[in-house]
Amino acid sequence: MSNVKATVGRFEPRRTTRYTIGQVFRTIFLLATCVGIAALLVLLLDVLNEGATHLSWDFIRSYPSRFADRAGIWAALIGSIWVLSLTALFSFPLGIATAIWLEEYAPNSWLTRTIQMNIANLAAVPSIVYGILGLAVFVRWLEMGRSVLAGSLTLTLLILPVMIIAGQEAIRAVPTSIRLGSYALGATRWQTVRRQVLPMAMPGILTGTILALSRAVGETAPLIIIGALAFVPFVPDGPLDSFTVLPIQIFNWISRPQPEFHAIAAAGILVLLAVLLTFNLIAVLLRNRYSKKL
Amino acid sequence: MTAEPTLAPVSAPVIETQRLSVFYGATEAVKSVSIKVEPNQVVAFIGPSGCGKSTLLRCVNRMNDLVPGARIEGDVSFRGMNLYADGVDPIEVRRRIGMVFQKPNPFPKSIYENVAFGPRINGYRGDLEALVEKSLRHAALWEEVKDRLTVSALSLSGGQQQRLCIARALAIEPEVLLMDEPTSALDPIATQKIEELIYDLKQDYTILIVTHNMQQAARVSDETAFLYMGHLIEFGPTNQIFTNPAEERTEAYITGRFG
Ligand SMILES: Nc1ncnc2c1ncn2[C@@H]1O[C@H](COP(=O)(O)OP(=O)(O)OP(=O)(O)O)[C@@H](O)[C@H]1O
Ligand SMILES: [Mg+2]
Numbered sequence: 001m002s003n004v005k006a007t008v009g010r011f012e013p014r015r016t017t018r019y020t021i022g023q024v025f026r027t028i029f030l031l032a033t034c035v036g037i038a039a040l041l042v043l044l045l046d047v048l049n050e051g052a053t054h055l056s057w058d059f060i061r062s063y064p065s066r067f068a069d070r071a072g073i074w075a076a077l078i079g080s081i082w083v084l085s086l087t088a089l090f091s092f093p094l095g096i097a098t099a100i101w102l103e104e105y106a107p108n109s110w111l112t113r114t115i116q117m118n119i120a121n122l123a124a125v126p127s128i129v130y131g132i133l134g135l136a137v138f139v140r141w142l143e144m145g146r147s148v149l150a151g152s153l154t155l156t157l158l159i160l161p162v163m164i165i166a167g168q169e170a171i172r173a174v175p176t177s178i179r180l181g182s183y184a185l186g187a188t189r190w191q192t193v194r195r196q197v198l199p200m201a202m203p204g205i206l207t208g209t210i211l212a213l214s215r216a217v218g219e220t221a222p223l224i225i226i227g228a229l230a231f232v233p234f235v236p237d238g239p240l241d242s243f244t245v246l247p248i249q250i251f252n253w254i255s256r257p258q259p260e261f262h263a264i265a266a267a268g269i270l271v272l273l274a275v276l277l278t279f280n281l282i283a284v285l286l287r288n289r290y291s292k293k294l
Numbered sequence: 001m002t003a004e005p006t007l008a009p010v011s012a013p014v015i016e017t018q019r020l021s022v023f024y025g026a027t028e029a030v031k032s033v034s035i036k037v038e039p040n041q042v043v044a045f046i047g048p049s050g051c052g053k054s055t056l057l058r059c060v061n062r063m064n065d066l067v068p069g070a071r072i073e074g075d076v077s078f079r080g081m082n083l084y085a086d087g088v089d090p091i092e093v094r095r096r097i098g099m100v101f102q103k104p105n106p107f108p109k110s111i112y113e114n115v116a117f118g119p120r121i122n123g124y125r126g127d128l129e130a131l132v133e134k135s136l137r138h139a140a141l142w143e144e145v146k147d148r149l150t151v152s153a154l155s156l157s158g159g160q161q162q163r164l165c166i167a168r169a170l171a172i173e174p175e176v177l178l179m180d181e182p183t184s185a186l187d188p189i190a191t192q193k194i195e196e197l198i199y200d201l202k203q204d205y206t207i208l209i210v211t212h213n214m215q216q217a218a219r220v221s222d223e224t225a226f227l228y229m230g231h232l233i234e235f236g237p238t239n240q241i242f243t244n245p246a247e248e249r250t251e252a253y254i255t256g257r258f259g
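Read top to bottom, the protein sequences are chains A and B.
Using the working numbering, you'd call the opening residue of the first sequence number 1 and step up by one each time.
Using the working numbering, you'd call the opening residue of the second sequence number 1 and step up by one each time.
The following block holds chain A by itself, in its conformation from the complex:
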């Protein structure tokens, strides 16, 4: 007992104060979370309220029209799916390969550090700048025209830095002890990367991919610059056809004076959200498949 008393004398536990401070922060964090969720809910309800009644199979399957009640989103939906698929196809392998090189192969030289720093800088460049680059390089110089391909390549450039950085973080999170264990068994560098590092990093890489592609699907500015059209009464048949995407179509409707068009813009937003959700779902399913193997 004397021990306990001595302790009380030298320490000043102030437990009530410490618990109170803990509670205060807990409440702050909870409130912060609520702000985000509430904003999202209001947005969703507002869009649902305005657009849900216009959402029909006809709306989805119809092409744009001067008359709001006949206008549909089919061209933009298919255009978005085209652009998103090609962007994923280009950016995923490029992003992973770059991340692997930077993390597993690159020597620790000033050149590597410079590249690294520039990738971080590129991630912060406004998207409209990528549009200008895409216009100059893909549309004009490589003569791709205002095509799906030019749009996808522009978006690939746009999201590549984010993909690379996310990939690097995921690869860096794989413990060194795993790599050493693999090397100690006589594995080559590629065998170690392929069989140990990549499987462990894959969930993280996929999360980064989801975020990057979600950004790509909502991009409007760079695609307007490279000349995605606002009025496309057809769907692209191939990567060299001209196209439009959901956000451009939505923007086009919103900027018209007639309120009927505002309502179908809301319906368009719902379609956009559905596309996003589908892509995320696919990525989450892929990620879970990988995580389960561990």
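If you're looking for bench data, these hints aren't it; they were derived computationally from the structure.
We put the beta carbon where it would ideally sit given N, CA and C, even for glycine.
Any given hint could turn out to be false.
[What the hints assert, rightly or not] Beta-carbon label-pair distances, calculated as ranges:
1. L43/A with G69/B: 47 to 55 Å
2. L31/A with N213/B: 35 to 43 Å
3. L31/A with D147/B: 14 to 22 Å
4. L154/B with S85/A: 33 to 41 Å
5. G22/A with G256/B: 40 to 48 Å
6. T27/B with V35/A: 49 to 57 Å
7. V67/B with A173/A: 26 to 34 Å
8. R194/A with G69/B: 20 to 28 Å
[To be verified] Here are some chain B residues pointing at chain A (derived, C-beta under 7 Å):
9. S77
10. M81
11. V88
12. I91
13. R94
14. R95
15. Q102
16. G118
17. I121
Please build the complex by placing chain B with the ligands on the supplied structure of chain A, with the hints as guidance.
Below, chain B with the ligands alone, put in the same frame as chain A:
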């Protein structure tokens, strides 16, 4: 390996270092160490923390190549072949000289896949299932895991994980086994199992083991090397080192007066 050994006498040392020094940048972690390890011997490396035991061990299977800024001087040879000669492939060195780490580091895969990984990447052509079973039996783990080879290795206890890592190292049929404090994360029962295992493995392998546990060194090893601040202070038969050390510092260390 390119340089095939010329017919070496049967009792040639399996591992030999000659005036081996290791530098990390400017610091010299191992200073001119010369030792000879005969076949089927267990050699214990003891010494205070930071004296260079792990560094020395890592030179023997060229794992130090992976440490940025590490550089060696002097020679390390394996059955008469200089391991650092031009044209020696570290991949082949590591297949023939296996390693077990201080902290168990199983791959986040099934128990079976952990053991099968080494043979697979080295192009093993025989019966893989039989080899996995043999390795697990050899590491005294088979009875505990034979019914759940497909579950994740991470679900094993620490001691089981370490034995799995030993099984994994044995599966590529090395000739030498390097063990860096293999029992430092384990309870006494798991430790005892691994010590018994080392005793059995001696029939087929030459073993270099780092340990901070004096009783362990005395129990499992035939020879003991005492390192201090990068220098090899004393190297000789274990019972001599522990009962009648030649050096004052060795005695001080093993009796616990410093370190
Ligand atoms: N990767 C590294 N880079 C730079 N210095 C290192 C590195 N690894 C070890 N050292 C240094 O080399 C010396 C020897 O380290 P080593 O790990 O071989 O000691 P040890 O005897 O194994 O110690 P412990 O018993 O604590 O494991 C230490 O001074 C350490 O700081
Ligand atoms: Mg050590």
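Does the Cβ distance between L31/A and N213/B fall inside 35 to 43 Å? violated, 54 Å
Holds or violated: is the Cβ of R94/B closer than 7 Å to a Cβ in chain A? holds, 5 Å
Using the beta carbons of L31/A and D147/B, state whether their distance is inside 14 to 22 Å or not. At 51 Å between Cβs, range violated.
Cβ separation of G22/A and G256/B, checked against the hinted range 40 to 48 Å: The hint (40 to 48 Å, Cβ to Cβ) holds, given that G22/A and G256/B are roughly 45 Å apart.
The hint says 20 to 28 Å between R194/A and G69/B; measuring C-beta to C-beta, is that right? The hinted range 20 to 28 Å holds for R194/A and G69/B, with Cβ atoms some 27 Å apart.
Was the hint right that G118/B lines chain A, CB cutoff 7 Å? holds, 4 Å
That 47 to 55 Å hint for L43/A and G69/B (C-beta), does it hold up? Since L43/A and G69/B have Cβ atoms about 53 Å apart, the given range 47 to 55 Å holds.
Quick check on the hint: V88/B CB to chain A CB, less than 7 Å? Because about 13 Å separates V88/B from the closest Cβ in chain A, which is outside the 7 Å limit, the hint is violated.
Does the nearest C-beta of chain A fall within a distance shorter than 7 Å of the C-beta of I121/B? Hint on I121/B: holds, closest Cβ of chain A at ~5 Å, below 7 Å.
33 to 41 Å was suggested as the range; check whether the CB atoms of L154/B and S85/A agree with it. holds, 36 Å
Using 7 Å as the Cβ threshold, decide whether Q102/B counts as touching chain A. Constraint on Q102/B not satisfied, violated at 9 Å.
Consistency of beta-carbon spacing, A173/A to V67/B, with hint 26 to 34 Å: Given a distance of about 21 Å, which is not inside 26 to 34 Å, the answer is violated.
Hint violations for this structure: numbers 2, 3, 7, 9, 10, 11 and 15, all remaining hints satisfied.
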